[in-house]
Amino acid sequence: MALVPLSYNVRSLWVRKSATFLTVLGIGATVAVLAGVLALRSGFQGLFRDNGRDDIAVFLRQGSTNEGDSAFTRERAEILTKTLDVFEQDASGKPLVSTETYLAVRMFKTDGGETNVPVRGVQPTTFAIFGDDVRVLEGRTFTLGADEVIVGDKIASRLRDGGLGDTIQFNTTPFRVVGVFHHAGAFSSEIWGDRDRLMEALERPVLNRVIGRIKPGVDIGWDDEDDKPKSGLALQLDADPQVPCKVMTERQYLMSQSAALGAVLLVLGQVLAIIMGIAAVFTATNTMLSALAARTREIGILLSLGFKPWAIFLSFLFESMLLGLFGGVVGCVLAYPIHGTETGTMNFNTFTEVAFAFRLTPELLAQAVGFSIVLGLLGGAWPAFRAASMEPTRTMRRE
Amino acid sequence: MSQPLIQLRNVTKTYSRGGETLTVLDDLALDMDAGGYFALMGPSGSGKTTLLNLIGGLDRADTGSIRIGEDDLAQMGTGELAEWRSRSVGFVFQGFNLIPVLTARENVELPLLLAPLKGSERKKRAEYALQLVGLADRMNHRPSQLSGGQEQRVAIARAIVTDPTLILADEPTGDLDRASAEQVLELLGKLNGELKKTILMVTHDPHAAECAKTIVHMDKGGLGRIETREPRKPSAAGVAGR
Amino acid sequence: MPWRLVFKNITKHWLRSTLTVGSIVLAIFLLCLLRSLVVALDAGVRASAVDRLVVQSSVSLFVYLPESYEAKIAEVDGVRTVCRWNWFGGYYQEPSNFFAQFATDVDDFLTAYPEVEVIEGSVEDFRRERQACLVGADTASRFGFKVGDNVPLIGALFPRTDGQPWNFKVAGIYRSKKTNVDNSTLFFHTEYLEKALESGESGGPSGVGIFVVQLEPGADRVAVAGAIDEQFAGGPQRTQTNTEAEFQAQFVSMVGNVPLFVSSIGMGVMIAILLAALNTMLMAAREQTRDVGVLKALGFSDGSVFGLMITQSLILCGLGGAMGILLAKATEPVLIYLLSTTFPGYAVTGETLQLAVFVTLGIGVFAGITPAWRAKNLQVITALRATA
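Chains as they are written, first to last, in the working numbering: chain A, 770 to 1168; chain B, 4 to 245; chain C, 830 to 1217.
One chain only, chain A, in its complex shape (with noise of 0.2 Å):
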């Protein structure tokens, strides 16, 4: 069957330039908001969720929800560390796991804000357990029991007293950074000490969680869509009369502490594309409109030469398709930009601040686009509709 030509469609958009200018701009603005709340939500995510092992165990009080409500005695602790056997071990023989005291410390941004920054006491097997993840940019790590610390590379120029050779005053006891250190996930915007001696420092008198890289064939069983131990370790663990406690892989960890914020994006991308979508539609449809009465003699014709009305209805819709085409294009093309560039924000889940990037994954513009080309569909539908249901003979009337 005949269709009408797609380059009258390509003509007439050249034809009205402004308009189809300011709708396609439009839409680009509306698709560029909503990219750019999408890559704010990937990146925060992705940082939790790319930078997370599957071959590393989280060990977490029973009840808490993330390591700052954790809390184990050392001598509980310890029963964890020895009496598991599910730990890969180093080639001296020495089980991969390690005790973590935490907790948010306030620091002072360099801007003048205040911030909290989480201060996490290691032990030198969790620079084992981390392997190559964790490594010294600048200095050097800092001396076990010694009042050093190492500061993450996201951060160390973001807080006052962050840098290098400065000091930092924990309660009473200050302690010098010696190092900037770079992960690729959230430890990033954390500072690192000895575990026993930010414990004094602090006046922390628990461990705040165990973590451990496990052993290969070892099943963790921890179901985090419904948060709660399914089989293996995690049901073992749930119901230990010594010990009893949570135990996740650190990807689902992670995970669970970037959903509250990760939820509330979704929600205010949801309501951005819901609310500016209909507006882009409203847009998309005026002009439409125009093209309609533009070529009124011009689909008249059309019609008295035997073109079917469902030809021109789909010719009007291509076009609109086209409009919602370029502004999803245009639009990504506007948010690209911000691909990459950091920021920071408080993780509701955490109290603390975590740095990182936008990122605008090919699926991310792939989304965007093809809700830009749904937009330009709705925008044209009705004036397509309008078009189809034409009678030739009052389309060629002197108007």
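Don't read these hints as lab results, they were simulated from the structure. Mixed in with the good hints there might be a few duds.
Here are the simulated DSBU-like pairs of lysine-lysine, each with C-alpha atoms no more than 30 Å apart in a straight line [to be verified]:
id: 1; chain 1: A; residue 1: LYS984; chain 2: A; residue 2: LYS851
id: 2; chain 1: B; residue 1: LYS121; chain 2: B; residue 2: LYS199
id: 3; chain 1: A; residue 1: LYS786; chain 2: A; residue 2: LYS863
id: 4; chain 1: C; residue 1: LYS841; chain 2: B; residue 2: LYS121
id: 5; chain 1: C; residue 1: LYS841; chain 2: B; residue 2: LYS126
id: 6; chain 1: B; residue 1: LYS193; chain 2: B; residue 2: LYS216
id: 7; chain 1: A; residue 1: LYS786; chain 2: C; residue 2: LYS1205
id: 8; chain 1: B; residue 1: LYS127; chain 2: C; residue 2: LYS841
id: 9; chain 1: C; residue 1: LYS1205; chain 2: B; residue 2: LYS121
id: 10; chain 1: B; residue 1: LYS126; chain 2: C; residue 2: LYS1006
id: 11; chain 1: C; residue 1: LYS1205; chain 2: C; residue 2: LYS975
id: 12; chain 1: C; residue 1: LYS1158; chain 2: C; residue 2: LYS1205
Knowing the structure of chain A, use the given hints to seat chains B and C on it.
Relative to the frame of chain A, chains B and C by itself:
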């Protein structure tokens, strides 16, 4: 007759189109007396519409002077010119040029908005003008609800509602069938005969031109023959009967 | 100016005008919404009382101060009452059913916070019974808590050794007259928590989260704060004493780039809507080209033609803006309810409305000025030649 109403001296008008300069009016001089009924005739491109636009103050001459009564159009600023138009000229166009969103009465009232009149007074005058053109019963119709002839009569009502001395008509019958055209010409004749309006009409239709008292022929930017003759009496009824 | 023409031009293309107004309504509504979210962030700061100080650990929000500090703070000159606040961190049935709970010294709390008004139940019952609690009106309506109800909370931070939830009895429902106290918190007796910790019924950290100090009338805030911090400078836990406003402000500061982020979204919304309005006005202007020519031929001045075009834009935008503002104001109560936990203090303030009016007018002028300028400079004979 002391002084002509319209005095044109050394009027030249050129347009540049695609780098080429086109002389539309070349050193033209023309007098027209008050109370006259003039038809400007000539082939396309002879400059007749340009001349009409210049006399109506819609366009400006490159050189020369155009005096209408006491007013020298060349000396006026854009704002003064607009104000002068609202007082002194009524326009009738080929395409009627009514505002599509307004009713017949509102279209006629439009020029009165520029005069310091009360709403009720404006309404009264607009209704009177519509009565004059025989459309009192179509007052609340919109242009799209009127026939071409009726639209043009509304346009004529709009042209006379401010009681200007000069009516300028650019191909007023160009878009009309013969019967409607005769009606419009009859009306113009009445405006000239009974209301003593000076009328200048551009046309290329000899039937229309015949209705004027003076026919001015134009060709290639200059004046040709000027005929003064007994005008034909237009008759809508006669045409309708034929 | 031909006012009727303005009106008729708008109603002639009623669909286009409606769609344009519709998108402006949405945009202005969205702008008010976003702005109100940012306002909500520091609502607590602005509503803070001047006669209250907050004593917290200078190290961390999560570090507890020794019990013994209470008596020492009370001795400082200018201090009227000292009230302990402890974050309980429990949840109702599911962890997602989050709302704040604080253990506090009830008598001191009620004197120090006159803005907390008990609207149902009785203050006396709250004072008398150890397990009694006071619940914010928003939380009460969210979960259907009534006076006299038993509310079981699972203590994430203070787990009971028997594995059972904590039980609280609703003695009253409160509503705060100011935004520094939200309407979603549950307050209960510190003694209830203390006894459970002492008897070993519950695990969890001991100590006090923050002390809220109410000043004597006329006391010097800075001096009192300095005196308190001075006392604990040598440990065991150093303190930081701030005014309530400063205390609230640190949370705002922690939010980091969010306000900037929200402003960027707002800019995007504005740009999109500006383009939409401009598009409509240009379309309208193109259709009215011949009309403009006619008006000018009839003697209307360039200025009145300019006014005609810009008035059309202002009317469309003004209508949209007004409806957007109304929508924002009309949805305010619903959003306050929906956002009571995430954004307590959500309010469409006068300042937000001013901004919305300003933006609306800005868009109206900006969208109208190009077509108006074009119409003003249009040559009559060119305009008359235009096909409608």
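Against the structure, the hints:
no., hint, verdict
1, A/LYS984 <-> A/LYS851, "15 Å, holds"
2, B/LYS121 <-> B/LYS199, "27 Å, holds"
3, A/LYS786 <-> A/LYS863, "72 Å, violated"
4, C/LYS841 <-> B/LYS121, "27 Å, holds"
5, C/LYS841 <-> B/LYS126, "23 Å, holds"
6, B/LYS193 <-> B/LYS216, "13 Å, holds"
7, A/LYS786 <-> C/LYS1205, "22 Å, holds"
8, B/LYS127 <-> C/LYS841, "26 Å, holds"
9, C/LYS1205 <-> B/LYS121, "27 Å, holds"
10, B/LYS126 <-> C/LYS1006, "59 Å, violated"
11, C/LYS1205 <-> C/LYS975, "67 Å, violated"
12, C/LYS1158 <-> C/LYS1205, "38 Å, violated"
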